[in-house]
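Adding 781 to a residue's 1-based position in the sequence shown gives its number in my numbering.
It should be emphasised that the hints constitute simulated quantities derived from the structure, not laboratory data.
Among the hints, erroneous ones may be present.
[Said to hold, decoys possible] Restricting the straight-line Cα-Cα distance to at most 27 Å, the calculated cross-link-like pairs of lysine-lysine (DSS-like) are:
1. 788 to 852
2. 832 to 811
3. 788 to 858
4. 839 to 785
5. 853 to 809
6. 839 to 858
7. 788 to 811
8. 839 to 852
9. 811 to 852
10. 832 to 853
11. 853 to 839
12. 832 to 858
13. 785 to 832
[Stated by the list, open to error] Distance ranges between label pairs, derived from CB positions:
14. 795 to 823: 26 to 32 Å
15. 848 to 823: 29 to 35 Å
16. 875 to 820: 33 to 39 Å
Ideal Cβ positions, reconstructed from N, Cα and C, are used throughout, including at glycine.
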Amino acid sequence: MYQKVDKTQQNISRCLCLNCPSYSSSCKIKNAHLSTNQPSDELNSRTHYEKMFCAFEKSNCIHLDRGCICKKCANFKDYNLQNGTYCIHTGGTN
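Full structure from sequences and hints, please.
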């Protein structure tokens, strides 16, 4: 059964989104200023974050599917996720 991915620092550190082929160099440069060490209460109150798209909504930067590595992510496995391309579609697609 699918579980909602917790918005925790540990899960963000395990996230593979920034290594995804769909996450282009221009996206990485555009979002380089984002801190990876966000307080838990701040993470929980956010709906958008340019990382860990399975817990947050889709990317504002990624528009083309150049491949998906969601199924290789520890969060995908630990939370029994079924979809992919969370970066392009909020909630992912089959």
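Hint check, failures only:
When the structure is compared with the hints, only number 14 turns out to be violated.
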